Amino acid sequence: MLARWRASFVILLAAAPAVVVLLGLAGAWLTPAGDTLQHQWRYLLPDAARNTLILVMTVALGAALLGTALAALVALYEFPGRAFFSWSLLLPLSIPGYVLAAVFAGSLDYSSPLYSWLREQFGWQWPSIRSLGGAALVLMLTLFPYVYLIARVAFESAAQRYLEAASLLGRTRRQATREVLLPLVLPAVLAATALVAMETLADFGVVAALNVDTLTTALYRAWYGMFSLVTAQQVAGLLVLAALLLLALEHRARSWVRVREASGPVLQRRPLPALTAALATLFASSILGISFAWPVMHLLSWASAHLTADLDARYWGYFVRSLMLAGLGALLIVSISTLFVYARRNAVGRIARVVAPFATAGYAIPGAVLAVGLFAPMTQALPWLQGTLFVLFVAYITRFFAVGHAPIAAGLARLPTALDESALLLGSRPLERWQHIHWPLLKGSVAAAFVLTFVDLMKELPITLLTRPFGFETLAIRVFELTSEGEWERAAVPALALVLAGLWPLKWLAGRMPHAT
Amino acid sequence: MRLELRDLHFRREATEILRGVALQLEAGDIGVLVGSSGCGKTTTLRCIAGLEPITRGEIQLGDRVVSSADHCLSAEARRVGYVMQDNALFPHMSVADNIRFGLRKLARDERESRVADMLALLGLRGLEQRLPQDLSGGQQQRVAIARSLAPQPDLLLMDEPFSNLDARLRTELVGELRDLLKRLFITTLVVTHDQHDAFGLADRLGYMSEGRLEQWDSPYDVYHRPRTRAVARFIGDGVMLPAIGKDGLWHTELGAIEDPVAEGAAELLLRPDDLLHDDHSPTQARIVARVFRGADFLYTVELPSGLRVLALAPSHHDHHVGETLGFRLANDHLVVFRRD
Amino acid sequence: MRFGSCTHVVSTVLAALGLFATLPSSAAKAAEPVVVYSARNEQLIKPIFDRFTAESGIPVRFTTADAAVLIERLAAEGKNSPADLLMTVDAGELWNASNRGLLRPTRSKILEANIPATLRDPGNRWVGLSQRARTIVYHPSRVDPRTLSTYEALADPVWKARLCLRSSKKVYNQSLVAMMIKARGETATETTLRGWVANLAAPPFANDNQVMEAIAAGQCDVGIVNTYYLGRMLQKQPEFPVKVFWANQRGDGTHVNVSGAGITRHARNPAGAQALLEWLSAGEAQRLFAGSNMEYPVNPNVEIDPLVRSWGSFTPSRINIVEAGRRQATAVRVMDRAGWR
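These protein sequence lines map, in sequence, to chains A, B and C. In terms of my numbering, the first sequence opens at residue 1 and continues consecutively. In terms of my numbering, the second sequence opens at residue 1 and continues consecutively. In terms of my numbering, the third sequence opens at residue 1 and continues consecutively.
Just chain A, same shape as in the assembly:
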């Protein structure tokens, strides 16, 4: 166990960059910036705020329902393809949202071959994908695996005996799942949904590709279009407020239930009756199909024309640098998150307690605003850091801390404190306790945190763009280079490489997760 002052120190250090950025955003509200903000209030922000609210709510709800339903299906029932879906439903995480948005726009919009053909043959019409609803769909399809992953682990670690107790009290499996199991996994689902909501709040790629106005696009409009970074920071401040509100809601919701790790036999999956099983397979494969297989096939068809032209030795470098940045970044984030979570378990200081929640708020700040907000003070205070990856990693940690933090915090919360205490009474040293007691029980959560952050970092763009050293190209940057002037078909090559690079860690994660026997 960390000594108390050390615990407080860890918390303050981990939260420091986020606090610097947040102070910068707060400072923006005190900076005179002409009437740009008033202009935006009048013409842009009401609609943008409404759209953001609708988007966050629909995406959070949709991802929560979809993720939980799939997790329940995979964890509780046996149906054809279950083992395959169990890991492959994580794959959509490897597809960047802006890529899926481009694929959807390219294949579902009015001018797409598919729509044109259906329109001409059958007179079919459907609403434009370039709309709020379209953006919600795309975000939901790229973000539901967060909920799926975390909920599945929760389902699989929920003890069989709760279900049995319910069935002995007259509940069918389905009723027992709804009345007993769902409330038990609810905290995990809420934590994952909060991540989804924050990611949606900060999304720029998807809404820009589908031209939906949200608070983030209003923010970039002020900055890029009206040269007012201050106004952009003021709007970003609103996003952070919304995020803190979300976090507070999630925290309250979670305190309804304090569930400790259930002991006893793990869940046994039930076979589904033939027809239901076929429907389950159909459901899982159609979700996997539209969120992963389809975009990948689309990218493949785009890429096929450019494979020979664009794919050369440079890709080795892109590939290695992407893996390196994401791997090292994820390692840092996971290590710091773990320390942080432990520190929070032990910290009693008031400052630490007040500051701690801010550490995770960075996830709601659009990457470019966060990068600039950190870059400026850091290069001024520490000019010798220039040209190193230091600022980049600090910005990664600040932005993606929440992703690494959530699974580890949830994992540690499931461990009873009695475990610590009994180990303490047996006279074990902190390191031994970690090695023999916590690590074996936490490593599933840590692995989940690592892979989630890794996949997010692979896709990360704005921070990498601003803070990378000269000539430090990665796959995501390659995608940016090619798409910034609309060369989507060429960009399919690095985009595919990006997806590929995300595949093996996801597969690996799937194998590592606790499994019901």
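Derived from the structure by calculation, the hints contain no laboratory data. For clarity, every value in this text was computed on a predicted model and none was experimentally measured.
Below 20 angstroms or equal to it, Euclidean Cα-Cα: the simulated SDA-like pairs (lysine to any residue) are:
hint : chain 1 : residue 1 : chain 2 : residue 2
1    : C       : Lys236    : A       : Ser304
2    : C       : Lys160    : C       : Gly218
3    : B       : Lys105    : A       : Arg173
4    : B       : Lys105    : A       : Gln175
5    : B       : Lys182    : B       : Arg2
Given chain A, work out where chains B and C should sit, using these hints.
This is chains B and C only, laid out in the frame that chain A set:
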């Protein structure tokens, strides 16, 4: 409701866990299964509850066969209450909600009065709104029992119901529980590894070992007429005394015992109460250990051959380790296991 | 080959893990390198920089990002900035950078001779290096080009549900509107934009390609795009049914923006940066710089790409491009008021 198991077999993967368990438990009786861990007690309960499908045999509840090799009535349709080993109280529901959980089909008024009855019956009044994690072990146990009893099951199954309670609470709860079950006339099958609980509760007692029920009898008979060495060894304290049978007598280190059929090599079961302290007895042995149990002493004494036997003495007979003690055989019946 | 790629991997990893900084290349010792912050993407500038290095012996190091972000980086780094040159794909950003004092004036006879005055900063802090014409495109079988005239005329109700536009978030549209405001004033421009919005056949698109695809698919008949996007489209599909119409030829000329560059205030190698700029403004470099993306050269003496030439010659706007930056913020407000998303 009457319970009958006939030739119950259960296999998980390649392991044969139950190998032909058979028992009858009359309506309103309390049956107890004892045995060391891994003997199949819990599995037997799970099969009866409908949580595991059986591979051979039959389970009959009342006049209905609920499990057979090709048929398994689902758990939710069996009207069987099951108090699991660690209670499995729903951690996110209050005490009242836990009890209410099985009463969904009742009308609201009836449901609430049943909950109130259960709270009263098990002494849980005032704890309605607490969460399980805020209760003591004994309280949790009562909630679990209340939850299982509330729907008035045809059969109640209990798996190690007293395992995480202290000794005093245990004795108390055992008595209370027996009274309660008798009052409600609920057929109950209890699994425990503790013979004291077993004696306190049971109308019928069974000993299980390696997936077989070795004996199923009244507690008196299981204690005094164990059918196998394993039963004899597990139930009650006792020692196997080697004996040679000849001319209607068993010759032992403690003297000869009459038995018309005594013949060949055998072992006699010697309970502590079969040996009486008697300073004038020719049989003397050295005390190697003693346990003061309040009302009496349980002495372990070593015979000249090195065999150690147990002897009871009233608590005012205070002897020390190392002293010699005289005693004589006072068995009113013989339990003989012939040596093959 | 195998060995080569392996050492490449190893050196990449070492560079990243060991130093956290790119190792200075051996060529850097030969001559002071020019460091470029570029919003023009890598595949458009890398081949040209390589060529410059080969010809002049001056190495070029560069990093790419959005211009707004590069400008913040430049501002944050201040005196310590390694950048010598800021390159953007839009005059507005150059104006913004010079307005914030991040660029320095450079007097160069060569630049003045090679680049028309309207495509240079009057304060000599930046120059345009290629022209990007943004004009009207149409579907030839549904639109008679004789019915087309000016950008403003697209606000006429005859184009109701026939117009496609890109999102007003893109700087290209912001520059176009800024120049319209300069020419006709805010009120008239706002009226025009309202007319455009009322004529839209579909919500604004995320990029120019989508606008052209919508025209080709029949969702709308006319649109406004940068011509090089059409050039790329025609390279892939020579029969792509979208044609160029040069807008405002009788009046103030077709809107052109520039991709350009300026030397930074705290440049460590201003001479090298100036050499690069001058080299880019003439001859083969100028032809490559514009031609590689099917843009128009700024240097009138440089040959235009044949495909681009096939669209015919046009009169570009005579207003200095600096106005695009100066009025960009106003343009965004007008667009907001007109409801152009």
